[in-house]
Every structure is written in C-alpha cells, then in structure tokens.
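Number of protein chains: 2
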Amino acid sequence: MKLGTLKNPNRLDGDLVVVSRDNQTAVRAGHIAPSLREAVETWSESEPKLQELYEALNAGTAENAFPVRLEDFHSPMPRSFGWIDGSAFIQHIKLVRQARNAPLPEGLHTDPLVYQGGSDTFLAPDEDVPLIDPSHGMDFEGEVAVITDNVPMGTKEADAGQYIRLVMLCNDVSLRGLIPNELKKGFGFYVSKPSSAFAPFALTPDELGDAWKDGRVHLPLLVDYNDGFFGNADAGHMHFSFPRLIEHCAMTRRLSAGTIVGSGTVANEDTSRGSSCLAEKRMLEKINTGEFVTPFMKVGDTIKIEMKDEAGNNLFGTIQQKIADASDCK
Amino acid sequence: MKLGTLKNPNRLDGDLVVVSRDNQTAVRAGHIAPSLREAVETWSESEPKLQELYEALNAGTAENAFPVRLEDFHSPMPRSFGWIDGSAFIQHIKLVRQARNAPLPEGLHTDPLVYQGGSDTFLAPDEDVPLIDPSHGMDFEGEVAVITDNVPMGTKEADAGQYIRLVMLCNDVSLRGLIPNELKKGFGFYVSKPSSAFAPFALTPDELGDAWKDGRVHLPLLVDYNDGFFGNADAGHMHFSFPRLIEHCAMTRRLSAGTIVGSGTVANEDTSRGSSCLAEKRMLEKINTGEFVTPFMKVGDTIKIEMKDEAGNNLFGTIQQKIADASDCK
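As given, the protein sequences belong to chains A and B, one line each in that order.
Using the numbering used here, the letters of the first sequence correspond one by one to residues 1 to 330.
Using the numbering used here, the letters of the second sequence correspond one by one to residues 1 to 330.
Keep in mind the hints are simulated off the structure, nothing from the lab.
What you are looking at is a predicted structure, and each value in this text was computed from that prediction instead of being measured.
Worth double-checking, as some hints may not be accurate.
Copies of the same chain look alike in the list, so a pair counts if it fits in one copy or across any two.
[Unchecked claim] Calculated lysine to aspartate or glutamate pairs in the EDC-like style (CA-CA distance at most 16 Å, straight line): (1) Lys322 x Asp227; (2) Lys184 x Asp111; (3) Lys185 x Glu106; (4) Lys185 x Asp111; (5) Lys94 x Glu106; (6) Lys304 x Asp126; (7) Lys184 x Glu47; (8) Lys156 x Glu106.
This is chain A alone, in the form it adopts within the complex:
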C-alpha cells in the first residue's frame, strides 16, 4: 500500500491520501484517518480500511479518485513526534570521519550510532532548501527511513520488525561547515542538521516484495545532483538492519506510533556506485588526488533522490529540491 499527504495550509499534518501502485491516481482517506500520522497511531483499525481503498484505487473502482500532482504532496509526515536518524552504513561513517579527522567510534560494528533530529518542520519533497550562508557547507544525504508503530521499551532486534509500518526515502540536509565545531562541544548535532525532506509516498514493506528482506531495502538509491548521476548505492548494504536500529532506539524508552527511524546516508564500498552525499565524494577525491574538488551546495543547485524496483517503477516518488537563498524562502 502507498500512502501520501496533501499539503493543507490549515492543517499542519496535511491530509491523508492513498496513492495507486503506479503513482498515477490518489484518493482522499480523511474518513479513515485525518492524517498519515493519525493513521499510524490507529493502525490496527485504519490499516484494513486503507488497504481496501488501495485495492479499489488500483482496480480503478475507487470513487473520487484524482490524478496525482506531485506539487500537491508534502512529506508523508510533515511533522513527527520523533525522528531518530541512524548511521548504519559503515562506509559513510569511515569517509565522513576521515574527512573531518575524527576517530572512528569504538563499537563501530556492534553499537549503532543514532541522533535525535528535529521533527517539527520537515520540508516537502519539492520544497526549496534554505541556504543561509555558503560557509555552512550544505550537503544532502540520501537515506531510507521507516515509520514505526508503538514499540515497547526493551524490544529486541528479533521482535522489532513487526513494528515497522511504512518505508520512506529521506534527504537529510546537513551543514558540514557547522558539524566539527558543534560535535566538539560534545552534545551531538543540532544546528548542523536543519529540516529534512521525504519522498512523497510512504510504502508498507509488503509493497517492496522481495526487496524487503532482513529488515533492509535491497534496492539502489538513485541520487542525481544538478541533473547528473551522483550515486546508485545499494540500500541493502546497511550494516545494522532497521530492527537492530529500533532495538537501540527503544533500549531505555518506548517509542510512540509515528516515530521515524533513518538509515543514515546510503553508502557502498564499491566506489563505482557513487555516493549519496557530497562529503563522501569529496573524501574520495582527497584520497585519490590529495585535494577536495567538489564544493558544497550553492544557491541554484538541485538534488533528486528516488528508488526504482527491478522493473523500473518509481516506488516512493521523487525528492526533487533546489537550494535557495534563505532570505527568499518563506
């Protein structure tokens, strides 16, 4: 099943819609739950009704179906009560830490790295990313993320998969110029991680077929930067699976329905797959040539993130954002 959220200036959570498998049509589902957030909060009741609507939509029999216009879609959850972003691709950790001369964490392969991100003001998938100052070193990060149901405190990896309700793609905007000083303070990211954006459609794991396996999405994440190829790294190479990340996140607290857990930047050791963020590409340049070559993002740059199944179907819709001068953003 595919769910989405229409922008609504009068409702911060937006309006819930069901989207057809081919991304072509949608139908409002406000009678089932006003928003995607509230659908997840009432999943045992809402899910069968949404599923029924999804089947009717795919069969062409849903009443009041309408054509999808991507500019009407917000991120599936325009805001969430929890956004915990992991860093589950070891190759990403190695390269970005090398880039800032930071040591690798102890327990790199056994103890997941996560941080709690700002979740009150996500950007829409087509929304301009406000750049305040080029010295902030703006970067994109292509990621996979899941939305959980309520997760009891102390849930273990083996049991955590059952709480994954939806899968999404994310652009976790990062300000590399602010990270070294902020992390040196010891409290982790805050100002260096402004609002993220998500691809327009959230999918139930079954929608991914065989590509959803071992708590991972085994498909390439397609990243284009300024309309050119930038990366197609396999998202299945997560060292820590989503259930393992959830175990970590629920170690000392319960998680509420609607919590988003991110994979961190998708990265492969095979460098022919490119990268999902500028920092990695820059570090590879430095290793290979002695110099950082590619600059960080500037006003006017564009970033596109999407994922296709083996038949070439766009699964989640597309994140397609432009970098804009902050003073020009609302």
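With chain A's structure known, arrange chain B on it following the hints.
Frame of chain A; chain B shown alone:
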C-alpha cells in the same frame, strides 16, 4: 494564566484545562482548543478566550469548575514535536564534565550547548520513572523550560522573548552510567536521556510577575530527594537566557509552535544552595572528600521538584516521582 492537561487514555495529547491561580480549581477548555499543544498552535485566537476563562475561574464564576486532583494531570504537553534542552548553567557544565573527566567546551560562555531530546513519550508529573538496570546510574535534573510559538529561522535574542508562551518545570531524567560511552561515539545523548516529566501547570510569563526578568525565572527551584532537602538553587542564574537559547535553536531552522526549550539543570556557584541533580552533589563530594559518596537512584527513591513565589505559593504544582523497576511499569 495557568494551563494544564488532564490524562485521557483515548487522546495522547490529553485534555486542556485552565487552572486557578491558587491551584485549587480547574475548568475544561476543550471548546477553545482540544489540547494545550493545539492551544499554543492557535495562540492568537485561543489565548484571549483562555484568559477570559482564567479570570472567571479565579473569580469563582466559571461554570463547571471542579477541584484539582493532581493525579489526574499529565505533563502540560504529554508529547511535543520538539524538545530542545539547553545547558545554560555554567556551574552544572563544570561539575558534570569534571565528574566524567571531560574537557570544558570551547565557547563555554558564548556558545550555548543544546541537544534535541525525545519528545514523544513524556512522563506524567506523578508517574513512576522506570529503572532498567541500576548500573545505568539514574539521575534526576531539575530544570525550567519554556514553550514557544512559531519562531522564524534566524530570530535573534533581542526578538526571541516575544515568542515565549508558557513556562514549565522539568525533571530531565538522565542515565549517567550510559553517558560517557554514548558521548564518546560523537553523536550526543540518546539512550542516556529517557523520557522526561514536567510539573502539572504551565504558566504564562506574566503570571510570574517580577520574577520573570531578562528572559529568566528569578526564583529558587526547590528539589527534595527521598523527602529531604536537596537543593534550592536560584533559576535566575542562567548564563544564557531563554531568548538566547531560542536564538541558538532557530539559527538554521524555524521552530514550530509548541516547541519546548529547556534551561538545563539549575545550578548555583553557592554550594549552600545544594544541587538539582545527583551528579553535581557527587562531584562536590569528590572534590571535598576525595570520594563519590551519594549513589545514583535506586528503586523506591523519590524526587520532588517545585517552585514557590515570594509569598510561598506553589506556582507550577509539583513533580513527584518514584523510581520503579522497569518490569513493573506499564
């Protein structure tokens, strides 16, 4: 004006009530906004109506007023889309860093320290705090916090005070045994900061009279541990004011209405004022005697946090929590 939230098993945000100045009576305000969160999100419309109800309640003329029973109250916001906790008392930073042999951050006096906390599952002010393992080194932290309205990105300290809508007290539960290893990983707190609790009543700043000055609450925070005096440090000694913390929080993103910003543990240099967390008391013991004496919290311990005005009136109601074995918690 004083606002509160009644627990409601069917509504995660609880039910909005207005509470009388003397904490004795309350009246439901669901016709103005269903929850305190939604009241803040619609403040320009809800505030005058809530104020009118507050005046009627204090005058004894509000219809359907009922006696306050503290056990019916949740934290004013049982969940929030954003909880950013600062560390604005330099004395606290100095003592806890000394306790874990960590260096003081550069910019200690000029660059605020904040982290993004978990905000989806706050505890009620009388709710047991689940202790999973005594080796986690559970500690309380008595704090002041504010709830903001929408804050534009780039707001400066001089303009930030106007966005402060409500003031609260907080118990920011901390797991000292998990902090050193977690911070060493470089991403800040996550598992070491489980769910916090807030005192039952949220106050508009005007309710504090002269005690609200320079973006700070100039009153002692009263902390009792296991029914004995533990601290009465002056919350006015914040090095960074709330407007300065908000400037920092809004540096690279806007904040949404309902964001909670915390002061960090209230701490004074005058050690006769006691402490607002165990870690500081332990560090002072270590400095004075060479040994940490006071252990961290164990099952059955109690913590009480409140604040009185100069006439002795309890302003925010009382945080009164017991530590319980996690397996006994719901």
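Is it within a copy, between copies, both, or neither that the alpha carbon of Lys156 lies no farther than 16 Å from that of Glu106? Answer is neither: 22 Å inside a copy and 39 Å across each miss the 16 Å cutoff.
How do Lys185 and Glu106 come out at 16 Å by Cα distance, when the copy is not named: within, between, both, or neither? between (19 Å within a copy, 7 Å between copies)
For Lys184 and Glu47, with the copy left unspecified, which applies at a CA distance of at most 16 Å: within, between, both, or neither? neither (44 Å within a copy, 41 Å between copies)
Up to 16 Å CA-CA - Asp111 versus Lys185, copy category: between (22 Å within a copy, 9 Å between copies)
When Cα atoms must be at most 16 Å apart, do Lys322 and Asp227 count as within-copy, between-copy, both, or neither? within (11 Å within a copy, 58 Å between copies)
How would you classify Lys184 and Asp111 at a CA-CA limit of 16 Å: within, between, both, or neither? Between copies, since 12 Å is at most 16 Å while 21 Å is not.
One pair to classify: Lys94 and Glu106, alpha carbons no more than 16 Å apart. Within, between, both, or neither? Close inside one copy (12 Å), not across copies (26 Å); limit 16 Å.
Please sort Lys304 with Asp126 into within, between, both or neither, judging by C-alpha distance up to 16 Å. within (9 Å within a copy, 48 Å between copies)
Hint compliance for this structure: hints 7, 8 are not met, and every other hint is.
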